[in-house]
Amino acid sequence: MIIDVKSISLCLISIILISCGGGEEVESSAISYKTDVQSQLREPVEDESVFVEDEQSLEEDSTTCVDHYYADKVEVLFEECKACHSSLGLAGSTAFVLGDETKLNQDFILSYMLENPNKIIEKNSGVLQHQGGALFDAEAIETLNTFKTYSTNLPLCQEDSTPVLSSTLSRSNIILMDYTQTLNKVTNVFYNRDAYENEKQSVKSKGELAAYLDSIMQDERFYTWLMYKFNDIFQIDQYLSNAGTGNAYIPTPSYKWYYGYKNIDEKKWWTIQKGVNYGHVRQSLELIAHVVRQERNFNEILTADYLLVNPFTAVSWDLNNSDVYPDNTLSGFIFDDSKSYNEYAQNEFKEVKPKVYGTYKKHSPNIDEYPLAGILTDQMFLWKYRTTATSRNRNRANFIAKVFLDLDIETLSLRSGGDTDPENKFSNPTTQNPDCTVCHYVLDPIAGNFHNFFAQYGSLFYRPRVGGWFDINEEDMFPVGYSMMEPLPIENRDNSLQWLAKKMVNDERFPRAMLKHFYNFLTAKQLLNKPKKEMENYEQKLQAYLLQEAIVDDILLKFENSGRNAKVLIKELIYSELFRSVGFDVETNSIDLDAFVDDARMLTPEQVKAKLDDKMPTTRPEFDGVVRSEWKFIPKTYNLLYGGIDNGYDNRRDFDMNAIKAGIQKRIAFNAGCKSLAFDIFFPKGELSNKVYTPYVERNTIPNSPENILKIKKNIQYLYKHLHNEDIGIDSEEMLSAYALLVQTYEDFKAEGSTRMIPVCSAGQSVNGVYQRNDIDDSYMVRTWSVMVNFLVDDYYFFTNVNKRGN
Amino acid sequence: MKRRIFLKLSSLSAFAMLNPSLVQAYEYPAYDGPFWIFIQAIGGWDPTLMCNFQPKINNLDIAKTYKKAGNIEYIPISSKAEEFFNTYSSEMLVINGVNVQTNNHATGYVHFISGEKKSGHPTFGALLTNAYRLESPIGHIMSGGIYKNTAGIASSVSVRSGSDVETLAFHTAPSGSRTPRYSESITTRLQKAKEERIERLLKKHDSQALQKDISDYAQAHKNISRLEAISDKLTNGTGKGNLYRSTHLGITGYASDKMTLVVNTGEAGIGGFDTHGNHDRDHPACLDRLYSSVDDVIKDAKQMGVWEDTIIVMYSEIGRTPTYNSGLGKDHWPVSSMMMIGPRVQGNKVIGKTDHTLQPTKVDPNSLEVDEKDGVEITYADMNQLFRRYCKVENTPAAVKYSLKATELNINQFFK
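Protein chains in written order, with my numbering: chain A, 1 to 807; chain B, 1 to 416.
Just so you know, the hints here were simulated from the structure itself, not pulled from any lab data. Even for Gly, the Cβ is constructed at its ideal location relative to N, Cα and C. You may find that some hints are simply not true.
Claimed, not checked - As a list, the in silico DSBU-like pairs of lysine-lysine whose alpha-carbon atoms are at most 35 Å apart:
id	chain 1	residue 1	chain 2	residue 2
1	A	K530	B	K192
2	B	K203	A	K721
3	A	K204	A	K615
4	B	K118	A	K82
5	A	K267	A	K355
6	A	K615	B	K212
7	B	K212	B	K192
Unchecked claim - Counterexamples of contact, computed for chain A against chain B with all Cβ distances above 12 Å:
id	residue
8	S562
9	K567
10	A600
11	R652
12	D654
13	Y771
Could you put the whole structure together from the sequences, leaning on the hints where they help?
Pasting the structure below:
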C-alpha cells in the first residue's frame, strides 16, 4: 500500500505530541490536535474588531486574521531552522521539529510557545544555549511576539478566507491532446520521429495507445533510450571511449585472460578488451534496463544481489572455472576460443553471483558471495564517485541521496559559515561545529555504509577498510546508519550496503525520486518544487505545484500497486496530464501556469541528428559524407557548442538559446536545402532519391498554371507536415506567405538569369568513372525549392519539441 | 498574443536583421570596462605554495622560505613562479584568507561564479551581459563547467575557437567560404520571411511560456548577424590549449567593440589541483602550468591592445588542508586565496591573511586592515558584490532580484 505522502509531513510535525501511525489516522489525529490547540486560544468569530487591541498596527500590516499573519510574516523566520529542526536534521530528535506544511507548523509553533514560554526567543537570541546560534534579530523577535499576541486577539481565518489563490484551477481545466497526438509525442520521445500514418490510424484510444507502448517496450531501442537517459544522471559512459578503463580499475580474478592475444591477433585482443570494458562500464545502466525489461520491482536497481556480466566479463570473473564454480550453469558465457569473437554480443548480459576470492576473502571471512546491492556496489559507479581518506565516501552518499531520494544534502549547508571561526576551535569540526554538523549529521550515517568498499585507488570492490570503521575506531564520524535515528545493526556490518539499499527503497522519497527522473526523461522538464512564500508569482506557482502533486499522487499509487513496475510508471506518466497537457480551458495570464502545461524544449544535439536522419534519409550510405557532411558533426564537433555533454567536466545539458546555437541551426538549414535536395529533385524516387522534399512536383513544375500552382501548394503543405508536423490549410495565411516567398524567389532567380548551380549544391556524381555535373537549373525551381527547404528547416518548430501547435 | 512580447520582438527584429548596416550601427549601452577573465585552478589550490607563506605546515623545503616581489610575499617553488611574481607584482592584488564557506568542489564553484552557494543565481558574467551586452552573441564566454545558470537573463556561449565563430557567422556560405549561396535580394527576402514567420508563431501561441521561448529563439537568431561584423577580428591566435583558445576569443571579442565582457574559463581552466595524494610532488607542477598559462593570456591581451582594461581573476573553488593525510596528500579546506591582476587593480598589495592553521583573520571592510574584534571574513559573496558595484550593475533589476548576502567592501582598496 502506498503511504499517504501528505500524512508523512503531518507525522513529522506531530512527532512529539502524538503517536505517529500511518495513513488517514495520522491525518485525522493531527487535524483534531490542530483544532484543539486553536480552540484553547480562540474560537472563530465573526466580529473581528472585538479582539483587535491595536487597530492601527493591524492596518499597517493589513492582517485580518492570524493565519494570514503567520503565513506572511512568521513562517519565513523558521525557514533556516528547518535545516536542523526537521525529521532528518541535526535537531530531528528534539522536541521542536518542523515540516513543510505551513498551517501545521503554525499550530505546532503556537502550542510549543504555550508550553514553553519564551523558549524559542531565548534560544534564538543567545539567552539559552543553541547549537544553531542566535538567528533572530530584534525585528524577528517582535514579529514572533506579535504572532503570539494575535493568536489570542485576532480571529482565526474562516475556511474560505485562508490564504487563497486568486483563481482556482483544477485538473479538469487542463486540455489534453488526444491519443493519436499523444502517440506522436511518444514516437518523438522514443524514436525521435513523428508517428507514421499507419501508426496514427491504429491508435485512437487509450487501449490502443497502451498496446503501442507495450510494443515499444519490447523494442531494444526503448532500452537504448532508457540507458541513454540514465547515463545523463550517472555519466558513466565517460569510460566507454577508453577501452582500457574498465579493466584497469576492476581487477577481477582473471582480468588478464586475454592479454596473450595482443601478440597473436591484435584485432581479437582489441575486440575483447572493448567487450570487457563495455561489460564493466555499462553494468549499472544494463541493470536498470534488465529490471525494467523483466518487469521486476524497480527497487532492484538498488537491491539486486547479483551482478550482470557479458560474455567477456564472465571470463574475467572466472565463471568458467569449474574449480571455483563446480555447479556452473553459466556455460553459455564461457568464452569459446574456437568461436569468432563477433559471435558474442557485448551488450548481452546475464545474472551471476560471483564469490569472494583471493586476498579479499581474508578481509571478509564471513562472506562467501559478494554482498551486492545493485548500483550501490557497481564497480564503475564506485570508481566514478570515488572516495578519499578524508572524504570517506561522503561524495557517494551525497550523490545517492540526490539521485535516489531527491534529497539535496548540500542545501542544508546554506547557513554554514564554514569551519573557520577562530572562536570555535573544535577538535573535530565535522562532528562538533554546528556549521558542519548540519550536513554531516545527515551525510555521515549514509556514507558509513560504504565502508566495505573503501579502497581509494586500484581495486574498487569489496575490501573493508584496514583499521576498521571510522565511527567505531576513530569516533570522528557520525555513526553509520540510515539516519541518526536509525543506526546500522551490528549484524549488518558485513553487508551494510544491502541494508542501506533496503532502507532507501522503503523510503517514500525513493519512488517519487524515480517518478521525477522518468518525468524528466519523457518531457525534458523538472517537477516543480513547493514554492516559498517570498517567491515572485507565489500564488500561481503554488497552484501549478498543487495541480502537479495531485497528478503525481495518482501516478505513484498506480506505480505502487503494480509492484513498482517501471513500465507502469512510464505508461501512467504518458497517460497523465503531465505528458498530455496542451493548455488550460481558461485564460491564466500566468507564465508559471502556462509553463506547467506547455512543453517546449530545444532538441539535444543527438535529437537533431536523429531528426535529420529521419526527415531526410540518405538513399545510399556512401552519400552520407558527401551530401550531409556537416550534419554528422552535430553530436561531435558541435556537441558542446549546441549544449550537449561530454560525461566529464561538461556534464550539464544547456537548453538556453544563444547566437552560436542559432548559427548551427542556420548551417543545418542551408545544408538541408543543398545537395540532398538536388538529388531529390533531379532524380525519380529510387536509388538516388527518396523524394522526401518534392513528392508533388518535378523540376519543371513552375508556377505558371492553376494545375502547377496547386501542385506547388500541395508540396508546400507536405513540407510543413513533414518537417514540422504542422497542418496548414491550402488557403491559410501561412500558405499565402510561404507561397509568396516561393514565387518571389523564383522570380528573383529568373531575373538573375544564371542557370548554373554552385557545385557543392548540385547533384553531381560519378557514374562508371565519368562525372556527371547535374548542375543546370534551367527552370530555376531547384534553387527555389532549396530556399523553401531552408526556410522551413531554419524554424522554431524544427528545432524544438512543442506540444501545442493549434492550427 | 501578449502585446509586451510582440512589441519587444517587433522592435528588435525585421529591419535590423535585414540590413547589415543597421546591425553594425547598433549602439550598446556605454561600458567603460573592465574586461574580465576568470581563470579557475580546478580542484582546489594550495595558497601556502603560492602567496600565503606558512612555513610550519609544509613539508617542502622550498615552502619554508619566501621571496618578495614588491610588497608581495610568494613561495619560489620554481623559476616560473619567480618570473611570474616578479613580472606582475606591481599590477597584482593578493587576497588571502577568503572564507569560501564550503569544502565541496561544486558548492565552492557555484559560490564563486554566482556569489550564492545554492544553485539558482545567475553568474556574474550573465548579470554583466544582461546589463551591457544582451545583444552580443559572445558577451559572456563560458568554457564548460558544472554551473552555467544564467537564470534566463542572458545567454553564455561555450565556444573556444575563432574559426567556429567564423563558420557560423557566414552561415549562408558553404564551409570554408564567405561567398553567400544566394543573392542579396534572395537572402533579404528569406530573412524577411523568417521574421514574419516568428510573428505568426507568436500570434498563434497565447501561452506566455511558449512566447518567451519563441522570443528567446528569435533573439538568438537576431544576435548571430552580429557575428559577421566581428568575425574578421576573431582569430584562433598562436597559442595552444583550451584555456588560451577561450581567452583569446574573448580578448578579440573585447577588442571588437567590447563584444565580450567576461570570459570564464570553466573546464578550460588549469586542472589537477585536487591533490589528495602526493601533494608536494604534484601540486607545484600544476602551479607552474597555471603561471605559464596566465602569462600567455596577459601577453595576448597586451598584444591585442586590451590589457589596460583587463582584469584577470585567478581563483580556486576551495583551498587545501593545513595538514597532510596518510597518502601525503592534502584534502579540502574552506579557506583559500584569490589573485587579481591588471592595470586597474590596486597592485603590489596584499589584503587579508590566515594563521598557520589556515583560519582566516577578520578585516575591517573599509580599511581592509586586520580587525579581529569588529572585522569580517571575506567571502566569495562579498567579492561578487564588489564586482557588481565596480561594474555598476548592483542595482539592475536582475541584480536586485538575485541580491547577495554580502558585506560591502571598500571598492577603492581593490580597484584604482
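Checked hints:
For a cut-off of 35 Å, the pair hint linking K530 (chain A) to K192 (chain B) is broken: about 44 Å separates their Cα positions. Between K203 (chain B) and K721 (chain A), the direct Cα distance comes to roughly 20 Å. Compliance with the 35 Å bound is thereby established for this hinted pair. Under the criterion of a C-alpha separation no larger than 35 Å, the hint pairing K204 (chain A) with K615 (chain A) is consistent with the structure, at around 24 Å. Proximity of K118 (chain B) to K82 (chain A) is assessed by CA-CA distance (about 16 Å); at most 35 Å being required, the pair is judged to hold.
Of the supplied pair hints, the one linking K267 (chain A) and K355 (chain A) holds, its CA atoms being roughly 32 Å apart against a limit of 35 Å. Between K615 (chain A) and K212 (chain B) the CA atoms are separated by roughly 27 Å; this keeps the pair inside 35 Å, and the hint holds. With a C-alpha separation of about 21 Å, the suggested pairing of K212 (chain B) with K192 (chain B) holds against the 35 Å cut-off. With a least beta-carbon separation of about 32 Å from chain B, S562 (chain A) lies farther than 12 Å from that chain, consistent with its non-interface assignment.
With a cut of 12 Å on Cβ distances, K567 (chain A) stays outside the contact zone with chain B, its closest approach being about 30 Å. With a closest Cβ-Cβ approach of about 5 Å to chain B, A600 (chain A) is found to fall inside the 12 Å limit, against its non-interface label. The Cβ of R652 (chain A) does not lie farther than 12 Å from every Cβ of chain B; its closest approach is about 6 Å, which violates its non-interface assignment. Under the 12 Å C-beta cut-off, the non-interface status given to D654 (chain A) relative to chain B is violated; the minimum distance is some 5 Å.
Distance to chain B confirms Y771 (chain A) as a non-interface residue, since its nearest Cβ pair spans about 19 Å, more than 12 Å.
In summary, the structure is inconsistent with hints 1, 10, 11, 12 from the numbered list given earlier, while agreeing with the others.
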